[in-house]
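*Asks:* Residue numbers (the working numbering), protein chains in the order written: chain A, 6 to 204; chain B, 6 to 204.
Check each hint, because a few of them may be wrong.
No copy labels: a pair is met if it fits in one copy or bridges any two.
Lysine-lysine pairs mimicking DSS-like chemistry, simulated, CA-CA at most 30 angstroms apart [to be verified]:
1) K74 / K171
2) K74 / K107
3) K165 / K129
Read the hints as simulated data drawn from the structure, not as lab findings.
Source: prediction; values computed, not measured.
In case you want the letters, here they are:
There are 2 protein chains.
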Amino acid sequence: MFKYPNGRAYEKKENERILHTRASDTYGNRGMTLEADLNETNAYYLAQGIAVIHKKPTPVQIVRVDYPKRSAAVIKEAYFKQPSTTDYNGVYRGKYIDFEAKETRNRTSFPLQNFHEHQIEHMKQVLAHGAICFVILRFTTLDETYLFDAHHLLEYWERKQQGGRKSMTKAEIERHGHLIPLGYHPRIDYIQIVDKLYF
Amino acid sequence: MFKYPNGRAYEKKENERILHTRASDTYGNRGMTLEADLNETNAYYLAQGIAVIHKKPTPVQIVRVDYPKRSAAVIKEAYFKQPSTTDYNGVYRGKYIDFEAKETRNRTSFPLQNFHEHQIEHMKQVLAHGAICFVILRFTTLDETYLFDAHHLLEYWERKQQGGRKSMTKAEIERHGHLIPLGYHPRIDYIQIVDKLYF
C-alpha cells in the first residue's frame, strides 16, 4: 500500500473496483473506505440539491507528457505533490464549508500525525474568514465516524506542539465530536450534524 | 501547445520558468498568463488575510505508479480528466466564492466554447446554494480583464443553446462585466469588484 505525502492511502484501480463491488452488496458499510463513502454522500447531496461539496483532485506535478497521434495525451512522468489545503470544500446554505477526512485502525486514540502542518494552517485561515470547518474522523475497526469541529482539533494540535500527547484520546473525540449515524443512502449523513452545530 | 480537456492551455515546466522570469522584470503584466496572475493574486490575498481562494489541482486519472527504492513514487501513466467543477473556489467574508477564468485572443467577442457543459452545470448548482459565482474573462490581445457575473454567462449560454450566437460580443461583456484594474501587487484585484457587487 503506497501512501500519498499527506498520509492518505493510495489505492490502485483494481482495489477501487473491488470496493465498488462491495458497495453494492448487502453487507452495508463495512469494507468501504471513508473516501468512497464521502464521495457517495456528496454525490447524493448534489443530486438531491442539498449541498455542493466536492473532493479536490490529488495534486500532481506533471513533468513529461506524450502526445500520440489520434489519441489522448499520456502523462509519462509525474509526482505526487503535498496538498496545500484540505481535501473537501463547497457550499451549503450560502456558507463556505471546508473539511478533511481521516481514518485510523486504532481503537483508543486518533494520531495527530494524520494531519499535516499546512492543512492545520489552512483550517486556521478559513476559520478566520468565517468558514464552517471540521474534520471527519473514522475509527475503522470500530466502524464509528465522528464530525469534529476544527477549533477542537486546533486545541489538541497546540497541545502536541507544546510537547503534549501526539494523539487525541477516544474519550476526547467522544466529548467534543458528534457521532455520524451511518446509513445506506447517504452513507455518512454529516450535513444533519452541520445543521445542528452551525445553523 | 497542448490543451487540457477543458480547453485550458498546458505549459511545460520550461515555459513556466520563462513566465516567472518575466513576472519579476519591469515590463509589468504583459506576457503573464491569466492563471499565473490569479495564482499571484490569490497568494497575495492569502498572505494579507483578505481571502482564502485556491485553484483546484488538475484532475488526473492515475493508471500506473512506480515505487523506486529510497526515492519518491513516480507516476508512469496517467491521463487528464475532465474537471467536474470550476477551477477556483474559497471563502471571502464568510461567503462561498466560486469562479472560472478564461482568456481569448479575439478582440471583438468571447467564444462560449471556452466553457463546458459540466462547468455551466456546476455554476447553476452553486448559485442555487447562495454562492458568489462569476467568471474572469481576459482579452489577451487588448490586455483587458473583466469580472462577469455567472447569471449573465448563463443567459448567453442559454441563447447559444437556443440556436443563437456561439459567443458573447465585446459590447455585451462591457455592458454586464466589470473591468478589473491591473496592478502590480496584486495583479488582478478582483476582490474590490466582489466587494462592490455582492456585499
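*Asks:* Checked against the structure, which of the hints given earlier come out wrong?
*Replies:* No hint contradicted; all consistent.
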